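Novice: Each chain, written out:
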Amino acid sequence: MGHPAFSVSHREQVAPMSFVFYVLAAVTLAGALAAVLLKNTVHCALALTVAFAGLALLYLELDAQFAGFAQILVYIGAVAILIVFAILLTKGSETPKDGVYSKNWLAGLAIAAGVFAVLGWAVLESARVLPGSGGTPTAAPAVTVLQIGNALMGRYVLPLEIVALLLTAALIGAVIVAMHEKEETR
Amino acid sequence: MLMQSDLLTLSSLNVPMPPQAWIVRWLWLIPVLPIIASGIISLLKQPQRKLSAGLAIGSLSFSFLLSFSAFAHRMGERALLLDFGFNPMARDVVNITWFQVGATSVDLGWVLDPLTAVMLVMVSFVGLLIFIYSVGYMEHDENFTRFFCFMSLFAGAMLGVAIANSLLLLFMCWELVGLTSYLLIGFWYQRPSAAAAAKKAFLTTRVGDVLFLLGMVWLFAQTGTLLFYKGGAGAIEPAALTALLAQHAGLGLSAAGAIGLLIFAGAAGKSGQFPLHVWLPDAMEGPTPVSALIHAATMVAAGVYLIARVYPLMAAGAHAGGSTAALTVVTWVGAFTAVFAALIAVAQNDIKRILAYSTISQLGYMMAGLGMGGVAVGMFHLITHAFFKALLFLGAGSVIHGCHEEQDVRRMGGLRTDMPLTFVTYAIGMLALCGFPLLFSGFWSKDGILEAAEHWSVAKTPFYMLVFGALLTAFYMTRQVAYVFFGARRGSEPAHESPRVMTAPLAILAFFAMALGLIGMPAWPWFRAFLEGRAMGFDWHGFAEPGLLALMGTSTLVVFLGLGLGWWLYGDKSPAPQEPDALERLAPMPWGWLRDRLYVDELYGVTAIAFYGWWARVADWLDRRVWGGAVAGVAGAFHGWARFNRFLDTNWVDGGFDKGCEELASGGGLLSRVQNGRVQTYLRILAAAVVGLVAILIWSSRP
Amino acid sequence: MTPLTGYLLVAALLFSIGLGGALTRRNAILVLIGIELMLNAANLNLIAFWRYGPHPEALTGMMFAIFSIAVAAAEAAVGLGLVIQIHRHAHTTDLDQMNRMRG
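Residue numbers (numbering that gives the first Met the number 0), protein chains in the order written: chain A, 0 to 185; chain B, 0 to 702; chain C, 0 to 102.
These are computed hints drawn from the structure, not numbers from a lab. For clarity, every value in this text was computed on a predicted model and none was experimentally measured. Any given hint might turn out to be false.
Some chain C residues near chain B, calculated using beta-carbon distances under 8 Å [what the hints assert, rightly or not]: (1) A21; (2) L22; (3) L81; (4) I83; (5) T91; (6) D95; (7) M97; (8) R99; (9) M100; (10) R101.
Reference listing, derived: stretches of chain A covered by chain C, where coverage requires no fewer than 3 residues with Cβ under 8 Å from a Cβ of chain C [stated by the list, open to error]: (11) 22-35; (12) 41-47; (13) 53-61; (14) 65-79; (15) 107-117; (16) 139-150; (17) 169-177.
Positions of the beta carbon are idealized from the N, C-alpha and C atoms, including for glycine.
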């Protein structure tokens, strides 16, 4: 197996989880739960926004400031709004007659639970196998926007251009897809 | 009395044998010629009457000529005197090996000794006369050709019996004779009574033949050969007889005695001795020439001839002047039969049936004569009886023919004037049968038997029985002749004399019925001497034997008594058919018993036949229920198995297959439900699969 | 429990919640919401591994996460456009009623 990827020499004391983490985790999870459980679709979208916000704060906690702000800008500022627009355009605010959950919702729940079980098991298993991984690193990385800009233009220029292409295509595609087509709506 | 077995054969003396005469080598032609004729006749068509009759008569005449030359050869042999001063036993034997099994060989062969010679001449001569007679008798019958075919076959087979040196060959010809008897008794097979009579004859003689076969097998087992004479090694030659005498067979008998009794059983069946006599009266259903040839002269005599042939075996172990157990049994059976049948003959009304019972009675005489007096005594009576009984039957046939197929004596009468020639010949035959003194052969032959009976060492009772039988014989024959020829005509139509082709044989037979007596007189016992191979001259002193004249007087007295009684009761009276018989009026109850043949047939019906009926029912039940049931059970088992297989096939194999296909289809149907068109379902499945895969991955990569 | 484990568990839980929502809700838009939650969980995973990994100065994890956000946004746009178009045709967003792909 080789030496573990994450090692703590001298048997250092591992830092416990901080209080902030727990709070933020709770907020995020609560928001996510609300997003999937609420009856009113608009309330779901708003709960989703809370979840996004919680996640952004978690990124900030993780010293990924740029990612955190990008999360707020893009997700909360664009995706959530988009979702709300879509809900409103599709009359999603009306409660459907048959209930909000599909038939056999229990199967879906079971599968999701299964997925969590597997993932959790993987995580805990690796934690057991590789003790001391994920301990406090030497220092928090000092990540500046300058560095990110340099990386984008330097090392990651190809993905950047491709993503640009992708975004263009998505833009055009979304417009086309959502366009009113006069013949079909009749 | 010299026994044949005491004399030596030429070959055993190691004397150079003279070359065998041609007649001895060609002796086999005598029976074969009529058989070939029979074969040719069987291929002819019915209308070819002249050809078939000609073939039959021609072949039998040729056989007769050959028989006569054989007889002459035997006569001439006796003139040979060899160095040691006595005539050798004149016997020529030709033996052929039929087949061999390992060390044992089965042989056939023929013998020409005096016994054979007289039998051959008698059979062929009487047969020839009867063939000629049949041409006239069967003229109006449409199955003329078939008749001569069977008669010829019979003649050949009977001659075969006469010349056989092997008990096996004798038995084969014996069976052939029985077969032709069956065919001829049932000649008019459309008549149910004839068919039944033929069956009865065959089955009754069969009973005897089975015991005969047993005796034959035993003899073969003991002596290793079935040949009579084989240069000292034959089955009835001294060496074999000594061995047989030494063996004990239970019941105080030696093997020789037991085998002798078994062979006698066969002879009793064929010769109609009590209790196997029941077939003979019924055999009168056949045409009259058949009755004459087969059931009077020849076939029934075959039994007597057989006993004469194996006489050394029957007489083995007797002290001088004594008797053996086998011969004693033969005597008693014969004597009893003689009286029994004579009694029944008194009360019969069918002309042929009277003669049939008379035949049975005379056969009893012959058997008694063999038992008490030896071969010569019995055979002499056989020869004379053949002639006068054939004469009587042919005469009866002539009467029946003349009375337009009427057979009841109560409806005849007065034929003395209507059919004179028949009357004269018939009278001669009747007197011969009664034993009228001096002129008729029957007197001399019967006296020979009575003389032997008088001197029998064991008991005197057979003598008295035979004398009583003679009385009865005279009585019933007188009754018959009175009914038929005397008195007024009671029939419906007038009778006419028979044509010459029928009366000529009658005349010839009548002549011999008288003349044959001459060769057996005590003064010139030529017959006995011939059989024993001695020369004999005419000697009046033969009459001087003590008691002989007294015996002749006694028998004469008895004959006249019978004749007188008969005439007193029946002579010249002609009672109407429906009136009771004269004797019946005197003693109605015994008359009834006698007329009903002393209920022997009824006894058989109640015992043997009833038993066979029961046994047949048991066998039928067994066959239908048990074996049939077993077969049905097996069939049912197979049925069930087949049905089970069908069930398996339909339900399990086919059904399974169908079910499988159904399941496959429904499985497909089930599987297709996964494709329900809903995205979330697909997603769920996807997620579940990924979960599974990841779990496996993690599990397998655990350290 | 190390911080990394904690973040990973949170991310796992978030992912499961998102998946559960995607699998159980009728409305198509809510399925998209679930998908967004799943993507965010993955992002969280990435950032956590970047933070507690061996070479945070390489910025690999964060760049990955940033690109993921961008792509997710594009995908959300297109997806919602599709939902709107479907709504125009079927006059409903109920996924249980959309089984034209059946068979």
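Novice: A separate judgement is required for each hint: does it hold in the structure or not?
Specialist: Hints, verified against the model:
Of the supplied interface hints, the one on A21 of chain C holds, with its beta-carbon coming within about 6 Å of a beta-carbon of chain B, less than 8 Å. For L22 of chain C, the interface hint holds, the least distance from its beta-carbon to any beta-carbon of chain B being 5 Å, beneath 8 Å. Restraint check, L81 of chain C versus chain B: the minimum CB separation of about 12 Å is more than 8 Å; hint violated. Because the closest C-beta pair between I83 of chain C and chain B is about 16 Å apart, greater than 8 Å, the hint is violated.
Nearest Cβ of chain B to the Cβ of T91 of chain C: about 13 Å, over the 8 Å cut. The hint is violated. Below 8 Å, beta-carbon pairs count as interface contacts, and D95 of chain C has one with chain B at about 7 Å; its hint therefore holds. Proximity of M97 of chain C to chain B holds as hinted, the smallest CB-CB distance being about 7 Å (cut-off 8 Å). Because the smallest distance between the Cβ of R99 of chain C and any Cβ of chain B comes to about 6 Å, under 8 Å, the interface hint for this residue holds.
For M100 of chain C, the interface hint holds, since its Cβ comes within 8 Å of a Cβ in chain B; the closest pair sits about 4 Å apart. A least Cβ separation of about 3 Å between R101 of chain C and chain B falls short of the 8 Å threshold, and the interface hint therefore holds. Residues of the segment 22-35 of chain A lying with their CB closer than 8 Å to a CB of chain C number 7, which satisfies the three-residue condition for coverage. Proximity of the segment 41-47 of chain A to chain C, defined as three or more residues with a beta carbon under 8 Å from a beta carbon of that chain, is established by the 3 residues found.
Restraint check on the segment 53-61 of chain A versus chain C: 4 residues with Cβ-Cβ distances below 8 Å, three needed, restraint holds. Remark: the segment 65-79 of chain A is confirmed as covered by chain C, as 8 of its residues place a Cβ nearer than 8 Å to a Cβ of that chain, reaching the required three. Counting residues of the segment 107-117 of chain A whose C-beta sits closer than 8 Å to any C-beta of chain C gives 7, which meets the bar of three, so the coverage hint holds. Counting residues of the segment 139-150 of chain A whose CB lies closer than 8 Å to any CB of chain C gives 5, which reaches the minimum of 3, so the coverage claim holds.
For the segment 169-177 of chain A, the stated coverage by chain C is satisfied: 7 residues place a CB nearer than 8 Å to a CB of that chain, which reaches the threshold of 3.
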